[in-house]
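Q: Okay, here's what each chain looks like letter by letter:
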Amino acid sequence: MRGATHAKWAVCAVSVALAATACGGGSTVAEGAGIVRSSWGDPQNPIEPANTNEVQGGKVLDLLFRGLKRYDPKTGEAENMVAEKIDTTDQQNFTVTLKTGLTFSNGEKVTAKSFVDAWNYGAHIDNKQNNSPFFANIQGYDDVHPASGNAKAKTMSGLVVKDERTFTVKLKEKFSTWPETLGYQAFSPLPQAFFKDHDAWLKKPVGNGPYTVESYTKGSSMKLRAWDGYKGPDKAQNGGVDLVVYTDNNTAYTDLMAGNLDLVDDVPAKQLKNVKSDLGDRYINQPALIIQTVVFPMYDKRWNKPGMEKVRKGLSMAINRDEITKQIYQETRTPATDWTSPALHDKGGYEEGLCGDACTYNPEQAKKLIDEGGGLPGGKVQLTSNVDTGSHRDWMDAVCNSINNALGKGAVCTVNPVGTFADFKNQIAGFKMTGPFRSGWQADYPLIQNFLQPLYATGGSSNYGKFENKEFDGLIAEANRESDPAAAVAKFQEAEKILAEQMPAIPLWYQNGSAGYSDLISDVQLNQFSVPVYDQIKVS
Amino acid sequence: MGRYVIRRLLQMIPVFIGSTFLIFVMVYALGDPVAALFGDKAPDPATAARIRKELYLDQPLWKQYLHYMGQIFQGDFGTAFNGQKVTELLASAYPVTLRLTLVAVVIELVVGITLGVVSGLRRGRTVDTSVLVLTLVVISVPTFVSGYVLQFLFGVKWAVIRPTVSPEAPFSELLLPGTVLALVSLAYVTRLTRTSIAENVRADYLRTAVAKGLPRRRIITRHLLRNSLIPVITFIGTDIGALMGGAIVTEKIFNIHGVGYQIYQGILRNNAPTVVGFVTILVIVFLLANLLVDLLYAVLDPRIRYA
Amino acid sequence: MDLAMSEAETLEKAPGGPPLGTGPGKPRSLWSDAWYQLRRNPIFLVSGLLILFLVVISLWPGLIATGNPLECHLAKAQEGSQPGHPFGYDSQGCDVYTRTVYGARASITVGVCATLGAALLGSLLGGLAGFFGGWWDALLSRVADIFFGIPVILGGLVLLSVVTSSTVWPVVGFIVLLGWPQISRIARGSVITAKQNDYVQAARALGAGNGRMLLRHVAPNAVAPVIVVATIALGTYIALEATLSFLGVGLRPPTVSWGIDIANAAQSIRNAPHMLLWPAGALSITVLAFIMLGDAVRDALDPKLR
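So the protein sequences, as listed, match chains A, B and C. For the first sequence, counting from 1, position 36 maps to 36 in the numbering used here; every step adds exactly one. To convert, take the position in the second sequence, counting from 1, and add 1000; that gives the numbering used here. To convert, take the position in the third sequence, counting from 1, and add 2000; that gives the numbering used here.
Bear in mind the hints are in silico, worked out from the structure with no lab data behind them. Here a beta-carbon is modelled for each residue, glycine too, at the ideal position from N, C-alpha and C. Among the hints, erroneous ones may be present.
To give an idea of the interface, some chain A residues facing chain C are shown, with a C-beta separation under 10 Å as derived from the structure [as the list claims (entries may be wrong)]:
| hint | residue |
| --- | --- |
| 1 | 171 |
| 2 | 324 |
| 3 | 379 |
| 4 | 397 |
| 5 | 400 |
| 6 | 404 |
| 7 | 417 |
| 8 | 423 |
| 9 | 434 |
Okay, chain A solo, but in the shape it has when bound (with noise of 0.2 Å):
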């Protein structure tokens, strides 16, 4: 191999002259074996674990930080990994006690301070991280994070270190699921070189993970390495993550293709045919915790008066879901017949088929049920999205066809699209909207909970088509006290069964992740985020 690598360069440097190019894709290979080069998009934020609230930002992080929890890839149930216990008797305090003898990268300890302080950054309003209301249920949240005005403290009061292993938290309400929580990355922990030089850290962020970073070219790539001190579980298999940014994900795809990268977490749409033929058996499919709905503005009379669930129920079912899947998504998304993900299990609350016939493509029975409640409003329905990422107007089409075809009135279903995606969030943020538009939920952890409470339930923090319904509401605050967790699942599902009735949302499709990957390596596999669980895979 080395050989072959040596001579390899010899014939190189006698043809640079002749064409410099054809080498290029070699180098990264032959300077150090056992590296996966993988496709990687620009952060949308500097990397803090408790700024980055995207795949891209996520996905750096996953291999930098180890927090108190971990998601197990397969399961996705919450295994204690920093963490040796978390105890609690009445669901509000609970008590945190650390493994002994981690540290992070740097050689600074993995102290019960590390999470401490870590938290109190994340949630003052001073440092404006974009997490901070996920530390919202911690006492003394409102004190670092006022609605309005300044901080009027410098930490939360429901934080308190015990000793270098121990710490307690007090919640400032009953919440039995809260740590299983703990596996999202805002939780991670850092060293004092965080506080002490910010942006030297954000240059070259330092964690307690699986790897290290050796360089970091902001807008083109990150080089990481395998962390030899590293002491948990998860240790690296490989010698290491080479993260390249592409502006687009064809690019990367055709890199693959070319023997240029390793792995693309992003195989984009309009390649899904080619991708049997192109990989083979290298390429995965496979369910994540992500919801694609269309969502009505309930804010909106029209959309809202007595009658009109039925108007909405027939527009769901005037969508063949399963047809655009297959021809748009080449079936890398799934039909939905629930408001969750099939990567929540069973057990986590999954219930496949709980939305029934409304979810179902029935033409006849649609029509029907439009007319019952009276016709669309106006005789018009307008579906809005922004059109800047992703495929959009390709499903939009499609929905609209489906629609007009089932309810055979001509063109009544109209695409509204919308040049960015900041002008849509002001739009659908500022409660702008006069019929049903586009809603992508990906959940931060694996618990039904986070698939209902923040979308439907009144005064949710994205629940953007003001859907109020005080059965609904009232069943989610009875599941959030269930010390069960089988009890507070089944409650999660008889408030979803309203959302059956009502239909504030309708259900498209489970977004899968598919990724595909070079014959360099192996043992790839996509968490429940669909991102690449890269510590497991090995270079050949």
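Since chain A is already given, all that's left is putting chains B and C on it; use the hints.
A: Only chains B and C this time, still in chain A's reference frame:
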């Protein structure tokens, strides 16, 4: 001549102020960027308000603009939302794009003028018709397709080049992207050259040159071409902007992190400092390019003088 | 082949002026002379017929396509040619033939109107700037520079997103707004060269007024590059409409256009190249017709060719 150049350079000042203001207002009109920073989640009101305050977004438009200009004069072009300084982005994107543009312009000049001269001299013949057909293909097939197909053939199927450009973006890797970028403009350059040549081939001075028995090569390069080039270089002067700022598709296909990409990102994220910074430099490039073109007029046609 | 030879040939082949005696009694003006030339040019006739055909199709697409361009059946997505559907289906399962025929109206309206608008505005402003020079030139050229700087995407998102009209006119207006600077630079360049010609200087010396000089001596000699650029721009403007539509600010559904279909097809080029072939072919023919027309007009205006 010297005074003319100085006057033209002085005109940069109002253009600089005008274009920064115009672009600033346009990005402002795109709307509030803060909500989008929170992804699919609802923005936390307190955090969003704090971010707006720090970015001066809670101020009226004119105050935002003055604040921005004030910072520029201290050498601070602001920051993109991912925490990178706009000056850093400019320094990394412009050299790459300049190289890409240079490749494209050279291809336009060499290939476009050659094809134009040949088809202009052989009007109505097979060569002329083939060039016309090529022109039509280039116009009707989108860059996305030509770029993708060429990349697939050269990079994957025959594996003779690396399909994407590395961050250093050396000239050798930019040959294919430069060709793709130049394709549409090639159609213009070829047709413009062809028309000029066809027109000038009948001019009196050319008959004189032919009558004098000058060598064919010398007639074409010194007499015919020189007098036919003015529309061509005018076009290329105007095209530099399109090549530099509008190469979004080409840059995406070949994964080049250049000016087009940065402007596009800045627009999608409603980030005024990025867009204004990049566009302003672009406008200055046009000014210089157009000045150069005007000076070239005088070189190509000595009758044209500037005072 | 020797240059002198080919030169001699073209000279022989070039049609002579109007035959003596058959022409009208009094000498014709340059423009009516050009029209006379034009009518006798076969290229002009061919391009004229093509354009007539395209206009008829735009006005009455139902003449040659009986289907409904908006009737799509996803089950047939990307299927190839079959009886009754010679061009196959696109990604949404719509009939490619019907959509190509129905797309003519929007695409040709956008292409022709935007080109005319940009060419007229551009050559007027650019021509004046080149002819008069001085502060007028400086002002116009610098305004054009700023316009060059506006990224199409930014301009489209800002200016077109506020318009709710579902007609093609906002798109046409926007393309004219972004397109005129380029044509004005070209026109300015040719006018600067043309006004140096001996006969223009002679006319000036003889006391010809500015208007007369511009119209009779400068414009006919400066128009060729503008025509060339405009005819090619016609094709790129039709494609530009698709870019705008993809941003969500171009033509609104249910309008059908080649640009949108070409852009859609481009994404699936590996699996369904037939989707690209037909709308792109239609665009090629349109551009060809206008390039031929432009060539014919240019030839007619060039007295040296007679």
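Q: Next step is simple, just say for each hint if it's right about the structure.
A: Checked hints:
1. 171: Hint violated; residue 171 (chain A) Cβ to chain C Cβ min 44 Å, cut 10 Å.
2. 324: Cβ of residue 324 (chain A) sits 7 Å from chain C, so the hint holds.
3. 379: The hint is violated - residue 379 (chain A) has no Cβ within 10 Å of chain C, the shortest such distance being about 15 Å.
4. 397: Where the cut-off is 10 Å and the nearest Cβ of chain C is about 5 Å from residue 397 (chain A), the hint holds.
5. 400: 8 Å, holds
6. 404: This interface hint holds because 8 Å falls under the 10 Å limit.
7. 417: 3 Å, holds
8. 423: 7 Å, holds
9. 434: Violated - the Cβ of residue 434 (chain A) stays beyond 10 Å from chain C, reaching only about 13 Å at its closest.
Hint compliance for this structure: hints 1, 3, 9 are not met, and every other hint is.
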